[in-house]
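Chemist: We have chain A already, so just place chain B on it with the hints.
Protein chains in written order, with the numbering used here: chain A, 1 to 555; chain B, 1 to 555.
If you're looking for bench data, these hints aren't it; they were derived computationally from the structure. Remember, it's a predicted structure, so these values are computed and weren't measured experimentally. One thing to keep in mind: the hints can contain errors.
[As the list claims (entries may be wrong)] FRET-style restraints, in silico, Cβ to Cβ:
| no. | chain 1 | residue 1 | chain 2 | residue 2 | range |
| --- | --- | --- | --- | --- | --- |
| 1 | B | 144 | A | 381 | 53 to 59 Å |
| 2 | B | 149 | A | 203 | 56 to 62 Å |
| 3 | B | 127 | A | 476 | 51 to 57 Å |
| 4 | B | 28 | A | 291 | 53 to 59 Å |
| 5 | B | 369 | A | 289 | 36 to 42 Å |
| 6 | B | 284 | A | 70 | 51 to 57 Å |
| 7 | A | 381 | B | 65 | 23 to 29 Å |
| 8 | A | 526 | B | 392 | 49 to 55 Å |
| 9 | A | 478 | B | 392 | 36 to 42 Å |
| 10 | B | 289 | A | 409 | 18 to 24 Å |
| 11 | B | 284 | A | 522 | 30 to 36 Å |
| 12 | B | 259 | A | 350 | 47 to 53 Å |
| 13 | B | 103 | A | 478 | 47 to 53 Å |
[What the hints assert, rightly or not] Reference listing, derived: stretches of chain A covered by chain B, where coverage requires no fewer than 3 residues with Cβ under 8 Å from a Cβ of chain B:
| no. | stretch |
| --- | --- |
| 14 | 34–48 |
| 15 | 58–66 |
| 16 | 288–300 |
| 17 | 371–377 |
| 18 | 391–401 |
| 19 | 406–420 |
Heads up, the beta-carbon is just placed ideally off N, CA and C, and yes, glycines get one too.
2 protein chains.
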Amino acid sequence: MTSQRYLIIGGVAGGMSAATRLRRLDEHAQITVLERGGYVSFANCGLPYYLGGVIEERSSLLLQTPESLGSRFGLDVRVLTEAVAIDRAARTVTARDLATGDETVLPYDALVLSPGSVPIRPPMEGGDRTLTLWNIDDVDTAMARLEVQPRTALVIGAGFIGLEMVENLVHRGLEVTLVELAEQVLPPIDPEMAGPVAQRLIDAGVDVRLGTRVVAIGADTATLSDGSTVPAEFVLGSVGVRPETSLAAAAGLELGERGGIRVDEHLRTSDPHIWAIGDAVEKVDAITGEPRIVALAGLANRHGRLAADAITGREIRVRDALGTAVVGVMGLTVATTGWNEKLLRARGRDIRVFHTHPASHTGYYPGAEGMSLKLLVDAGTDAILGAQGVGGEGVDKRIDVIATAMAGGLTASELADLELAYAPQYSSAKDPVNMLGYVAMNAADGLTPSIQWHEVDAAVDAGATVLDVRNPGEVADGAIPGSLRIPLDELRDRLDELPEGRLIVHCKVGQRGHTAVRLLAQHGRDAVNLDGGYLTWKAGIDARELVADAAELAA
Amino acid sequence: MTSQRYLIIGGVAGGMSAATRLRRLDEHAQITVLERGGYVSFANCGLPYYLGGVIEERSSLLLQTPESLGSRFGLDVRVLTEAVAIDRAARTVTARDLATGDETVLPYDALVLSPGSVPIRPPMEGGDRTLTLWNIDDVDTAMARLEVQPRTALVIGAGFIGLEMVENLVHRGLEVTLVELAEQVLPPIDPEMAGPVAQRLIDAGVDVRLGTRVVAIGADTATLSDGSTVPAEFVLGSVGVRPETSLAAAAGLELGERGGIRVDEHLRTSDPHIWAIGDAVEKVDAITGEPRIVALAGLANRHGRLAADAITGREIRVRDALGTAVVGVMGLTVATTGWNEKLLRARGRDIRVFHTHPASHTGYYPGAEGMSLKLLVDAGTDAILGAQGVGGEGVDKRIDVIATAMAGGLTASELADLELAYAPQYSSAKDPVNMLGYVAMNAADGLTPSIQWHEVDAAVDAGATVLDVRNPGEVADGAIPGSLRIPLDELRDRLDELPEGRLIVHCKVGQRGHTAVRLLAQHGRDAVNLDGGYLTWKAGIDARELVADAAELAA
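Isolated chain A (complex conformation) (with noise of 0.2 Å):
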């Protein structure tokens, strides 16, 4: 048997892991990495932070080299080579030397596309100015471009790594804008978990611009579409990325409907030698069952190394995504899994959402730090359809938590089953992710009805009272406008002061609202529990005023 010819397109986190484990699986074979960039194996997740300088030392970027590549691995890895066009008939792939232009002419038996994807650039005025940060020579010009000492910096887009581009240069001293399309940081969570973190950006002296956009870039500012001016001596951009697909689709490789390249349930192309794997190509929704385009690099090296599992006769399962994702913005901790409201509420989705408010560990240990966690579940089924959270410590783990839950098919009330590590310095007895799952079981069982908090305006106006069971010393800190006040504890002494109609109680969290509702119904009452109680309200309530504050700015 002669040995077997294994191409790779993409060195990083798909390609790589590709090619690692095809040696391990073939000791014999030939295989050579084609990569049109300059490095391999780079920590592309680090880069912000080796440009605010919390990762010291670019060379802690490097993860691997071609040359450790090769005496480890025996895999030929050429770097600055860019493989410009796929013979299918042929099975060859003309590779072009990058810096002496010389083509070369590679057969394979197996084809494997790790293009990943590239950062979205919207076309403006100056628009050359704006840097990304997508691989090592872009985070050199962004370190050459800092060395003029720039007081000022511009981000565009305040998803996850625009966030993460925010924090570290504001660790670096600079004055920084941020500029968001949407009406929020952070569009893949919802808005009232996204308020709190705009919020402390703000605090942390940055300059939040939401429902905006840049229009043009400037020598040294850069104009809003609301016409306002903004200092931007230093620009980066984050506004998306797109599947690097053109290869793919000049080789008449099929693409899906999101636009990344199609591939079936073994990773395989429309071409039967050819895999595609990473950002470039599209995934299966966990929720939907639908295509989606998901930018992760857990996803890309798990495909890498199924596809090299796949090419050498082994039996794969591909999971469905769903898309778990965190960062670190400025000390809080944001994750998500799954959907949100907004998409599943677009999508005409019956769900129930719930939102708490735990501490990271037993108040009566100290250091516990506060958290907000939000849970989408499927009406019908009481399946979990996503997870978000804010806060300081242990966010990261209940979205892990969950995140395994869902990948096991547990339900929203089963989360209450879980026997999670309790001591005091690390949870509570009752974990935050049991609390979530005693929460949505007393929903799905009808005993505590609730109320979301952009839908108490339209209850008030069709007749509810707001009933704040707080004490009085909480209702001091700030209410809702027009609400009774009852402390939870003489709730049951003065039902009669209570109005007609329907009741949409409230407590700081919702917890003491469940148990006043509770009471109230046994009675007789049609009472519903503001979920996430005044802390989620206020957090949605915030998040408005932002916005209008921001247009505001703008008048």
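Modeler: Chain B alone, transformed into the frame defined by chain A:
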């Protein structure tokens, strides 16, 4: 309809969860809680930390009072009141006021037993000097004893709570001796995982005596079974607890084979009007389906709520118990779920065992902390049977994720598929849990056979050669005696240097060993990977040394 009379015996975790849930479900019931101690709903898991001064205020431990529970939930909570007899035919309980000795007969429609557990006190000379930390009275007594400023302390029992005692006494500045009957600390985990915990204690100045028991306690010293004497001005014991079943047994309720109260799948005892929950009750083990005693606060809380649901006619499902637990020891986090290797091997289960040594997050982002993980897998089904973690940041997260995967019925290989939240300061693109999945999959697929640290000697005796593929710098820091050393990156070119026969390949943690085994296997060699690499082997050998050292100290 007359209102129901619910009587609950025991007012801490399980009992109070049952009482408050009963109120939420039945506003009109009479709910009475009898508590033998002086306090209800206290923070029993916080007691060691109050002793150590980490929790400064005693009041922090008292989460609720009879008064607060009365006003909020309309509960009749009677502390210092002992249930002395149950008349099952009459459906009454005789309650004795411990202050006055007065007895009252209380009728019930439903009775909930949540009497908890009591610390075991091995009989010995001077044993009455051994204090425990099981309730508020215990901690008050201990604090009073500490007022005379003892310089030395003896802790008997190196389980989870024993180690919390040690940490807190060290924190208070005492010179601490720890005596444990088993040949390791933390018997619920395996010795090679527990070794580094014992070493950490030794490094903190604790005199750790393994495989030893206390035979007599004198005025300010104690005598051990090996004949040695240790200082012991202050003595705390934590050698386990037994279910408090005296009342239940006297009432003729069925007990189980493990000595706990027997309940059915609806938490009902052998009497249809009596339910039981918490430490006193036998749970069903999630791995074996057999009865099991598990004294964990999370299960008590959960079952209290479920019992209330069952009593009020709701459908409940009690999930079998995994026994997930965590403890902090001198900056180390130790967590476990499910079964350990010792128990599984003693049962003759056909298992696969995996050790890894990942970092809490990417190496290129500052502050990553190391950890060791262990996964126990059914060799036939790939089902996860247990997991253990020891290390810094993020150990609790990984054990929680694995416990959730177990609850969801995911196989070990499916851990590779989990989409966990990744950014460089939180995890790696392949999270440590994903890596366990990859390792498990390589074993399940037969790609990389492995050998455990405790099997090396026998394999070498049978003619195998240990092949160390680490770099010379690593080898210089310590190596397995008699090993052949060829760095992985040179292995492909130096195959002819290898001796005949089986090769036991190892690197530092197992990953390069896996690559080497794949390489060697495809060159026709019989090669196995030393699971967990040098680090696990060293931890196992060191753990044995600790016991030998202790024996030598005694001799």
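Chemist: Taking a Cβ-Cβ distance under 8 Å as contact, does the stretch 58–66 of chain A have three or more residues in contact with chain B?
Modeler: Check passed, 3 qualifying residues.
Chemist: If you check the beta carbons of residue 289 of chain B and residue 409 of chain A, does the distance land in 18 to 24 Å?
Modeler: About 21 Å separates the Cβ atoms of residue 289 of chain B and residue 409 of chain A, which means 18 to 24 Å holds.
Chemist: Determine whether the Cβ-Cβ distance between residue 149 of chain B and residue 203 of chain A falls within the hinted range of 56 to 62 Å.
Modeler: This hint is violated: roughly 46 Å between Cβ atoms.
Chemist: Take the C-beta atom of residue 127 of chain B and the C-beta atom of residue 476 of chain A, compute their distance, and say whether it sits inside 51 to 57 Å.
Modeler: Taking Cβ atoms as reference, residue 127 of chain B and residue 476 of chain A lie about 55 Å apart, which means the hint holds.
Chemist: Can the stretch 288–300 of chain A be counted as covered by chain B under the rule of three residues or more with Cβ-Cβ separation shorter than 8 Å?
Modeler: holds (count 5)
Chemist: May I ask you to test the hint 30 to 36 Å on the CB atoms belonging to residue 284 of chain B and residue 522 of chain A?
Modeler: Hint holds: Cβ distance 33 Å, inside 30 to 36 Å.
Chemist: Is the gap between the beta carbons of residue 284 of chain B and residue 70 of chain A within 51 to 57 Å?
Modeler: This hint holds: roughly 55 Å between Cβ atoms.
Chemist: Cβ-Cβ distance between residue 144 of chain B and residue 381 of chain A: within 53 to 59 Å?
Modeler: 56 Å, holds
Chemist: Cβ-Cβ distance between residue 28 of chain B and residue 291 of chain A: within 53 to 59 Å?
Modeler: At roughly 55 Å between Cβ atoms, residue 291 of chain A and residue 28 of chain B fall inside 53 to 59 Å, so the hint holds.
Chemist: In this structure, is the beta-carbon distance linking residue 526 of chain A and residue 392 of chain B contained in 49 to 55 Å?
Modeler: Hint holds: Cβ distance 52 Å, inside 49 to 55 Å.
Chemist: Taking 8 Å as the C-beta cutoff, is the stated coverage of the stretch 391–401 of chain A by chain B satisfied by three or more residues?
Modeler: holds (count 5)
Chemist: Between residue 478 of chain A and residue 392 of chain B, is the Cβ distance one that fits in 36 to 42 Å?
Modeler: 39 Å, holds
The structure fails hints 2, 7, 17 (numbered hints given earlier, in ascending order).
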